[in-house]
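Hey, can you work out the whole structure from these sequences and the hints?
Residue numbers (the UniProt record's numbering), protein chains in the order written: chain A, 1 to 563; chain B, 1 to 563.
Calculated directly from the structure, the hints in this document are not laboratory data. Keep in mind the model is a prediction, meaning the values are calculated, not measured. There's no promise every hint is true.
Said to hold, decoys possible - Listed below are the simulated SDA-like cross-link pairs for lysine to any residue, each with C-alpha atoms no more than 25 Å apart in a straight line:
id	chain 1	residue 1	chain 2	residue 2
1	B	K13	B	R250
2	A	K184	B	E115
3	A	K188	B	E43
4	B	K188	A	F338
5	A	K184	B	H34
6	A	K188	B	K440
7	A	K39	B	P185
8	A	K188	B	G42
9	B	K440	B	A334
10	B	K13	B	E115
11	B	K39	A	P191
12	A	K279	B	V311
13	B	K279	A	K445
14	B	K184	A	A40
15	A	K39	A	E427
16	B	K188	A	K279
17	A	K184	B	G42
18	B	K184	A	R406
19	A	K188	A	E562
20	A	K445	A	R406
21	B	K13	B	E36
22	B	K184	A	D19
23	B	K188	A	G331
24	B	K184	A	E23
There are 2 protein chains.
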Amino acid sequence: MAAELTAHDLIEKHRPTLDQALETIRTRAYWSPHPEHPKAYGENGTLSAADGKAAFDALLGRRFDLDQPGTDAWTGGEVSPYGPELGIEYPHPDIDVLLPAMRAAIPAWRDAGAEVRAAVCLEILARISARTHEFAHAVMHTSGQAFMMALQAGGPHAQDRGLEAVTYAYVDQVRTPEAADWSKPQGKRDPLNLRKQFTPVPRGIALLIGCNTFPTWNGYPGLFASLATGNPVLVKPHPRAVLPLALTVRVAREVLAEAGFDPDLVALAAERPGEGIAKTLALRPEVKIIDYTGSTAFGDWLEANARQAQVYTEKAGVNTVVIDSTDNYRGMLANLAFSLSLYSGQMCTTPQNLLIPRDGITTDAGPKTYDEVLGDLSDAVGGLLGDDARASALLGALVNPDVKARLEAAGGLGEVALASRDITHPEFPDAVVRSPVIVKLDGSKPDTESVYLDECFGPVSFAVAVDSTADAVELLRRTIRDKGAMTVGAYTTSADTERALEEVCFEECAQLSLNLTGGVYVNQTAAFSDFHGSGGNPAANAALCDAAFVANRFRVVEVRREA
Amino acid sequence: MAAELTAHDLIEKHRPTLDQALETIRTRAYWSPHPEHPKAYGENGTLSAADGKAAFDALLGRRFDLDQPGTDAWTGGEVSPYGPELGIEYPHPDIDVLLPAMRAAIPAWRDAGAEVRAAVCLEILARISARTHEFAHAVMHTSGQAFMMALQAGGPHAQDRGLEAVTYAYVDQVRTPEAADWSKPQGKRDPLNLRKQFTPVPRGIALLIGCNTFPTWNGYPGLFASLATGNPVLVKPHPRAVLPLALTVRVAREVLAEAGFDPDLVALAAERPGEGIAKTLALRPEVKIIDYTGSTAFGDWLEANARQAQVYTEKAGVNTVVIDSTDNYRGMLANLAFSLSLYSGQMCTTPQNLLIPRDGITTDAGPKTYDEVLGDLSDAVGGLLGDDARASALLGALVNPDVKARLEAAGGLGEVALASRDITHPEFPDAVVRSPVIVKLDGSKPDTESVYLDECFGPVSFAVAVDSTADAVELLRRTIRDKGAMTVGAYTTSADTERALEEVCFEECAQLSLNLTGGVYVNQTAAFSDFHGSGGNPAANAALCDAAFVANRFRVVEVRREA
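In structure tokens, the structure reads:
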């Protein structure tokens with residue numbers, strides 16, 4: 001059967017994008033081929049806002065067929081954090097049928113080579129990009145993200161991260177040539193001559209274990225890094241956030257088939273309620289790579305038990321902002337207020353602990369006491385979220401009842417500096433929308449440590465009073481070392497304090513944002529430029545996206561012969 | 001204190017070598033800056049044969065001081081496999097003193113940057129290279145390698161592997177720029193501008209656990225990969241092979257101090273008899289990287305238990321040669337005879353199982369039965385090793401009593417095709433020198449599998465009779481998958497068989513040498529061109545040397561500020 005998409009055409013179409021991506025991961029300047037603006041879609045074969053919404057609506061209340069081998073049942077029970085049941089059923093796999101089918105797909109995909117694989121991956125991403133509006137609704141109604149964030153973070157930003165992974169995968173595979181002629185002089189005798197061929201080979205089946213809050217953004221790096229290095233990818237979505245990854249699998253299978261490859265290179269593993277299929281899959285001998293985003297407990301379990309696989313984990317952490325001093329007090333407050341509010345603090349990068357000297361800080365608006373800082377920050381949050389419609393568009397909905405329970409319990413953990421407010425979503429009255437709570441804790445009291453050194457995922461921050469900035473720096477060090485951190489923020493006008501903060505982040509391996517007062521927030525990273533996490537502290541054993549994230553997903557097999 | 005070696009001078013001196021190495025790992029053509037010929041040494045500050053021998057002799061029978069912090073005792077008991085006791089005592093570490101001293105050395109080494117670190121590493125290698133003759137005696141009298149092999153494999157080839165590791169470390173650290181200006185357009189509003197700085201940071205202390213047979217060759221890749229990426233390296237040599245690595249540590253400490261860095265960036269951890277210090281060190285929280293060569297049992301223990309560290313292991317494997325057919329029968333026999341004999345089969349790359357169809361093979365010298373092949377191979381080995389002096393120069397000495405015991409037991413495992421011969425070393429009558437044994441086994445008998453699927457390290461090969469070449473290919477697959485393999489060799493004139501062998505090696509991830517009949521042997525690999533192992537089967541979880549071997553020894557910490 002002739003492929004509808006030839007390798008030549010795919011390479012011709014996507015090589016310029018790949019080349020620009022290759023250049024950008026070297027310069028780390030700004031670049032993205034995926035538009036952020038909702039109105040950028042609707043032409044050139046891309047779905048408009050209305051068409052995207054219609055496409056999403058058409059998925060609801062029915063089976064989502066993928067034509068995978070080994071489907072033994074149908075399962076699904078997603079309920080939108082905004083209220084509606086999605087009513088979609090997905091294929092449940094008989095893994096003894098599905099895994100062998102995926103393995104059988106390997107040789108042709110491996111033999112296609114790195115460039116063809118990259119081009120096929122870019123075609124998959126291009127088709128996903130064209131359906132960004134459809135994905136936006138899918139992400140919104142599984143993660144609880146507000147629509148605009150679901151469109152941007154779940155769409156172009158996730159696609160960027162996928163492309164970034166393809167780019168690293170490509171460059172790492174082609175750094176060894178396909179063949180070499182080796183000739184070793186032997187003095188007066190004839191040289192020794194060998195012809196050597198080098199083939200990047202995949203490890204085996206890659207398992208992607210998706211998360212509830214960022215199914216595409218956190219899923220695409222591992223998915224595309226594995227696929228681009230030749231591995232079939234089995235996608236096990238979070239049971240509350242199946243749809244965005246099911247759509248992804250469907251697009252990938254379509255493109256693979258059109259390009260003449262076995263669509264079983266990408267498959268979905270939806271699970272029955274309470275089945276815990278991830279544990280079963282993770283220990284299968286065919287599974288050689290695992291990408292996981294989620295709780296520390298299961299991440300640690302995977303690292304300890306899935307010994308046959310390369311395991312890449314992003315787990316829990318405790319993110320800190322050190323507040324020492326600022327020359328832009330209003331900017332600092334506005335920036336922090338936004339960071340704490342965005343998606344109700346349900347980002348792995350949201351600050352949790354604000355370390356503030358109990359004697360206050362210096363600012364361009366004069367000295368501010370600890371309580372004044374909290375009062376002003378609370379006012380900033382209040383102003384940002386004063387209008388319910390605007391607040392809903394920033395906060396989104398709480399993703400699940402656990403987050404709501406943590407939020408409600410937070411008031412009992414200390415004195416409340418800013419209380420959470422119950423917000424009515426203008427369109428979805430059943431959505432649970434809450435503004436963030438800020439709780440005061442005294443860092444010098446030993447019994448508070450067990451509170452603020454625990455990840456409290458959701459819209460809960462702790463304003464930890466410390467004796468001095470030096471104390472804050474040491475607490476930061478201990479927090480990163482013991483609990484991990486995806487992000488560190490700090491505000492200071494002191495060069496010495498900056499240097500001390502940098503040294504802690506170098507030694508404990510955490511990413512540092514200094515004095516952000518404008519439109520960039522500590523919880524946001526940009527593909528091709530920022531690393532997401534460091535891979536060097538307990539919050540994650542890998543960074544998105546770098547050489548270490550891709551280099552061990554394939555191996556190079558050498559065949560040598562006398563020339 | 002001003003450094004005697006400035007960064008500028010070191011870079012000027014070594015940058016051309018680094019550039020050539022960078023080019024060579026891309027082309028994988030032949031190159032080495034380290035001469036193989038013994039007579040190449042003696043000028044330009046390098047030790048001649050006589051001076052190298054004198055330098056080695058001067059080390060014997062005394063303390064080997066390294067001026068390390070935290071030396072609480074002196075220990076050592078090396079006995080040359082050639083007979084003499086070395087009588088050298090090494091510092092035994094108080095690790096609660098030594099490890100903090102090593103950690104304290106990190107910041108300045110990190111801040112020096114990738115290029116300075118590479119240049120310092122190249123200076124260390126250059127000084128080691130200049131003392132190649134001294135190292136040759138140290139390797140010979142700890143590993144039992146014959147002098148010429150000790151000089152070449154323990155000298156220039158090991159130095160090449162170290163340089164290769166520095167090269168990969170350098171290129172992977174500089175692929176992210178030191179700084180970037182990021183400017184994201186915001187439509188009609190001002191763009192978002194950030195200044196980003198990227199710093200490669202080390203993981204922590206790296207532990208190198210050396211082996212008995214190739215202390216420098218197997219040790220240098222990990223040592224230099226870790227050091228070049230900013231990590232201090234604690235060298236824990238095999239208790240029978242301390243001297244080559246102690247010399248290495250001494251040279252490294254000298255160069256580091258002269259270049260203005262803390263010499264404690266490289267330190268030795270010699271152990272008391274039976275102390276098992278590797279287990280203690282491997283679990284220390286300061287130890288973040290471990291490189292290990294040795295038994296599967298301890299390698300598996302490290303991987304399972306040293307969870308705080310990145311663990312790179314080379315363990316046991318079972319290497320296979322499939323003998324299907326050849327158009328150069330004499331060449332094949334000569335090549336195999338040499339491979340089986342070199343260093344008494346005490347290489348992790350030596351073939352163990354020769355899979356030969358029981359109905360024989362086709363050759364340019366006519367069809368040969370299974371027994372004829374073994375007879376002719378035995379004759380080839382006999383011819384190669386007929387003269388005791390020449391045999392000693394190829395075989396070296398058995399490295400320890402365990403190898404001798406295995407060799408002596410091998411005769412009871414099956415019918416002996418070629419018996420081992422006791423050889424008298426012309427210079428060292430106490431050396432245990434033995435020619436290899438070849439034992440016949442019937443692959444169709446289930447009880448033989450437990451024999452040939454076990455690594456029998458030393459000069460023991462099994463000639464496994466198989467029903468067909470197809471059976472051999474399947475047995476090869478099972479051997480790699482279940483036991484691992486550092487090398488695979490094969491002889492065939494059939495394109496179909498070549499393709500089947502390649503497919504097995506791609507799928508099970510093993511390095512394949514086809515139809516070697518000349519002066520390159522399956523058990524030899526060349527730095528900058530060949531990979532050593534694949535990192536993808538149970539024999540090793542890493543290959544020497546590739547991007548995956550270095551990429552996770554450092555992380556990149558980003559500091560970003562508004563521009």
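Quick rundown of the hints versus the structure:
no.: 1; hint: B:K13 with B:R250; verdict: holds, 21 Å
no.: 2; hint: A:K184 with B:E115; verdict: violated, 29 Å
no.: 3; hint: A:K188 with B:E43; verdict: holds, 22 Å
no.: 4; hint: B:K188 with A:F338; verdict: holds, 22 Å
no.: 5; hint: A:K184 with B:H34; verdict: holds, 13 Å
no.: 6; hint: A:K188 with B:K440; verdict: violated, 40 Å
no.: 7; hint: A:K39 with B:P185; verdict: holds, 16 Å
no.: 8; hint: A:K188 with B:G42; verdict: holds, 22 Å
no.: 9; hint: B:K440 with B:A334; verdict: holds, 19 Å
no.: 10; hint: B:K13 with B:E115; verdict: holds, 12 Å
no.: 11; hint: B:K39 with A:P191; verdict: holds, 20 Å
no.: 12; hint: A:K279 with B:V311; verdict: holds, 24 Å
no.: 13; hint: B:K279 with A:K445; verdict: violated, 38 Å
no.: 14; hint: B:K184 with A:A40; verdict: holds, 17 Å
no.: 15; hint: A:K39 with A:E427; verdict: holds, 21 Å
no.: 16; hint: B:K188 with A:K279; verdict: violated, 50 Å
no.: 17; hint: A:K184 with B:G42; verdict: holds, 23 Å
no.: 18; hint: B:K184 with A:R406; verdict: violated, 36 Å
no.: 19; hint: A:K188 with A:E562; verdict: holds, 19 Å
no.: 20; hint: A:K445 with A:R406; verdict: holds, 22 Å
no.: 21; hint: B:K13 with B:E36; verdict: holds, 22 Å
no.: 22; hint: B:K184 with A:D19; verdict: holds, 20 Å
no.: 23; hint: B:K188 with A:G331; verdict: holds, 21 Å
no.: 24; hint: B:K184 with A:E23; verdict: holds, 17 Å
Hint compliance for this structure: hints 2, 6, 13, 16 and 18 are broken, all remaining hints hold.
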